[in-house]
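Make the complex out of the two chains shown on their own, each in a separate frame, by following the hints.
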Amino acid sequence: DTGVSQDPRHKITKRGQNVTFRCDPISEHNRLYWYRQTLGQGPEFLTYFQNEAQLEKSRLLSDRFSAERPKGSFSTLEIQRTEQGDSAMYLCASSLLAGGQGTDTQYFGPGTRLTVL
Amino acid sequence: AQSVTQLDSHVSVSEGTPVLLRCNYSSSYSPSLFWYVQHPNKGLQLLLKYTSAATLVKGINGFEAEFKKSETSFHLTKPSAHMSDAAEYFCVVSSQTGANNLFFGTGTRLTVIP
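Residue numbers (the working numbering), protein chains in the order written: chain C, -18 to 98; chain S, 147 to 260.
Covered stretches of chain C (in silico footprint by chain S; criterion: 3 or more residues with CB under 8 Å from a CB of chain S, positions within the stretch not fixed):
#1 25 to 33
#2 87 to 98
Listed below are the simulated DSBU-like cross-link pairs for lysine-lysine, each with C-alpha atoms no more than 30 Å apart in a straight line:
#3 Lys(-5)(C) with Lys188(S)
#4 Lys52(C) with Lys188(S)
#5 Lys52(C) with Lys(-8)(C)
The set of hints was computed from the structure by calculation and includes no laboratory data.
This one's a predicted model, so the numbers in the text were calculated from it and none came from an experiment.
Ideal placement from N, C-alpha and C gives every residue a C-beta, glycine not left out.
So here's chain S without its partners, still in its complex pose (with noise of 0.2 Å):
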């Protein structure tokens, strides 16, 4: 079976630090792992996407994260939080090798104070 954590719901970071989002995922098998953004009233986006190429993955908008399959996390990290980087981040996980269905994390909603 497969299961995405996000371990925190909310984080608050001030414009110009740095962002961490946490996500530890479960899976019998090797997984594809995928964060995604949420802007209110828009779709899902793609940030990155990791498939065992290489474990630091980058993203757009200077996101970027590493898989650890010792710790079997996938953290999303920015050096400099930007206001328009407010939003809920997802992490994300393949249902099983190559298959189609994703598996959501419950979100993390980040603020960016000015």
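Bound conformation, chain C alone (with noise of 0.2 Å):
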């Protein structure tokens, strides 16, 4: 399987402690975002970056959350100092940059769920 894949699926932690999470899109996609999904919601958009450059953050994206694509392949997602509100699915998505019309189509990975007690 070559789509998006995220690592762990699953990670319970408590709270005030650090959490770190990761994505790989797929292969030859340069875009790549994250989002966060509560419980009986959609998701909402929190950061994208292009290559290695993040290009937008979502106000939702407080400071004790960072997110990062050094190489503009994988990325990583840190919350640190974890509150109970934090508990929630993190989606990664990746695309390629459209050459024509209309926004790219975003390819989802099946999330981490975090829960923070």
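Here you go:
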């Protein structure tokens, strides 16, 4: 399978701990996105990269959150000093920069479910 | 500003009957619109995408959606529901023309009754 992969699939942590998630995009895709999905809601955009550059960040991305894509391939999302409100599914997606009209098609990974106790 | 409203949080149909999942959008520009499906414990899968080429968009698994600018709607339909269609469906709009963050609706859970 050459789709988007995420690791770990599940993470349980205690409040105040730091956690880091990894996303491996589809190999030729130059754009990578992070979203957060809470129970009963649709995903909400957090941030996106084009190659290694972080081009946009949502207001949802507080200063406890940091994302990197150091070599323009895989990405990591770190949450410092986790809070119970951080409990959610964290989704990664990737796309190939569209040459024509319209928005790229984003392909999603299975997500990392974070539970903060 | 852009937003998406999915008019039904839950739709229940009998196997073999038509499916209609309703979506209205709000946008100050010409948006790209999508429908994604999310099966339990699986990732989001793209069903179809509208980017102004044709108002009737055909997707995978027999689904299609029609873009109606006058009604600002992008309803998802399928002539005959299958048990495997039971899932959560999200209507999605792009943030602005050619841009890349997506705005998701709150989802419609489709139940298919045997």
